[in-house]
Structures are given as C-alpha cells and as structure tokens.
Amino acid sequence: ELKVEQNPLFLSMQEGKNYTIYCNYSTTSDRLYWYRQDPGKSLESLFVLLSNGAVKQEGRLMASLDTKARLSTLHITAAVHDLSATYFCAVDNPRDDKIIFGKGTRLHILP
Amino acid sequence: SAVISQKPSRDICQRGTSLTIQCQVDSQVTMMFWYRQQPGQSLTLIATANQGSEATYESGFVIDKFPISRPNLTFSTLTVSNMSPEDSSIYLCSVEPAGNNEQFFGPGTRLTVL
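Protein chains in written order, with the numbering used here: chain A, 1 to 111; chain B, 1 to 114.
Warning: the hint list may mix true and false statements.
[As the list claims (entries may be wrong)] Straight-line Cα separation of at most 20 angstroms, DMTMM-like style, residue types lysine to aspartate or glutamate; simulated pairs:
id, chain 1, residue 1, chain 2, residue 2
1, A, Lys98, B, Glu86
2, A, Lys103, A, Glu5
3, A, Lys103, B, Glu102
4, A, Lys41, B, Asp11
5, A, Lys103, A, Glu15
6, B, Lys65, B, Glu54
7, A, Lys98, B, Glu58
8, A, Lys3, B, Glu102
9, A, Lys103, B, Glu58
10, A, Lys56, A, Asp30
11, B, Lys7, A, Asp97
12, A, Lys98, B, Glu54
13, A, Lys41, B, Asp87
14, A, Lys41, B, Glu102
15, A, Lys103, A, Asp38
16, A, Lys98, B, Asp11
17, A, Lys98, A, Glu5
18, A, Lys3, B, Glu58
19, B, Lys7, B, Asp87
20, A, Lys3, A, Asp66
21, A, Lys3, A, Asp97
[Stated by the list, open to error] Partial list, derived from the structure: chain A residues whose beta carbon lies under 7 angstroms from chain B:
id, residue
22, Met13
23, Pro39
24, Phe101
Hints listed in this document are in silico derivations from the structure and should not be mistaken for laboratory results. Glycine included, each C-beta is placed from N, C-alpha and C at the ideal position.
Using the sequences and the hints given, assemble the complete structure.
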C-alpha cells in the first residue's frame, strides 16, 4: 500500500529565511505532485515531477525528485508572507493510477 | 489544463437529508474523481466516476451513502445521503485530461451538517 509522508506538518518561519519541506513515499512511483491550498480554497497545482532527478522552479519555490530515495523536496527561498498556505505532496500509485496525498504542511510566514 | 466548476459552492444542511453536488468540466475527460477533505485534514479519494458504468469506490465509502452519476464526459454528480455532522467536509471533484500528467481540482463544495 502506497503511503505518503510529509514533514514537517506545521512550519512557522520568518520572512527572508529558507526552508525545505520533505515528502517521502513508500513504493515505486513515476509521478509526484506538489499542490498549494489557501484557506477555504481549492488546490492549485504547483509542480509535476516525472523522472528521477527532476527539478522545477517557480519564483521562490523549487521542487526536486529522487525516485531512488523515494523523496521529494519543496524548497522555499527567501520566504515572503504571500507564500503562507498549506502545501500537499501527492504521489501517483502505478498500480491503479490514483494519487495519494500526504497530510500537508501548513506554512505560516511571519512578516 | 481544465476549467472545473462545482455547485453549490457551500451549503448548510440538516441531519438526515441529502445533498447533490454537481461538477462540470469545460472539456471531455475520461477520468473524474471525487474527494473529501475533512476540516484541517488532507484529501481522501471517495470514488472514481466512470462514464457509462458504475463508479469505483475506495475502501470505507459505499454507493448507498455516496451515489455518483456520470452521464457524459463533462459532468458528474455526487450525492451525500442521509447526512450526519460527520459528513461536514469540503467535497472536491478533479479531472485528469488525456495526455496530461496531472489532476486539476474544482473549487470545492463546503458542506456543513447541523
């Protein structure tokens, strides 16, 4: 059974600092997603990572994937208050093509 | 990508009643999914809505409680039946357009059961 674990689950940090959110998963997969959710809103797709060593960047966010380690990271550079949200990673289960979500990381950036 | 709308956006319902949520997509898609997000929690897949056949339910979810319709490739409904306060959640539909490697989510329906 595919399990997806994120850590930390809660993160409060100062503007201007760097930090990394980790996503581990338990079985082989070739697709990993990062989503952002603002309070009371739906999910916004941030990144889709499809291969080992994939790295994608958008603004202050950078995501990477290591399929051998079954690990993805979402790195935040010089955080700003607007990045406060909950970030979910999700992994595609190759057995049935359904995606399994992590519990999410609630990020609060202090101005 | 895909543009997805859901109706209603929110509702407050009495215990024991049922609510039907609609999901409309701006293009034909094979795969449509229904998720539940309980307060402060992650997303849990309820079922996959299949066009022309019965929905496929995940463990812990049954058709009598969450009947689903999928009359065509752009539309689906999820009914939450005989509601109780434990059904208070956000319900989201999502789609995975052909040739796309990602799922897109609708805006969600926030349900409160009193």
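Hint check results:
no.	hint	in the structure
1	A:Lys98 with B:Glu86	25 angstroms, violated
2	A:Lys103 with A:Glu5	7 angstroms, holds
3	A:Lys103 with B:Glu102	19 angstroms, holds
4	A:Lys41 with B:Asp11	15 angstroms, holds
5	A:Lys103 with A:Glu15	24 angstroms, violated
6	B:Lys65 with B:Glu54	14 angstroms, holds
7	A:Lys98 with B:Glu58	10 angstroms, holds
8	A:Lys3 with B:Glu102	19 angstroms, holds
9	A:Lys103 with B:Glu58	18 angstroms, holds
10	A:Lys56 with A:Asp30	15 angstroms, holds
11	B:Lys7 with A:Asp97	27 angstroms, violated
12	A:Lys98 with B:Glu54	17 angstroms, holds
13	A:Lys41 with B:Asp87	18 angstroms, holds
14	A:Lys41 with B:Glu102	19 angstroms, holds
15	A:Lys103 with A:Asp38	15 angstroms, holds
16	A:Lys98 with B:Asp11	28 angstroms, violated
17	A:Lys98 with A:Glu5	16 angstroms, holds
18	A:Lys3 with B:Glu58	15 angstroms, holds
19	B:Lys7 with B:Asp87	17 angstroms, holds
20	A:Lys3 with A:Asp66	16 angstroms, holds
21	A:Lys3 with A:Asp97	14 angstroms, holds
22	Met13	20 angstroms, violated
23	Pro39	10 angstroms, violated
24	Phe101	5 angstroms, holds
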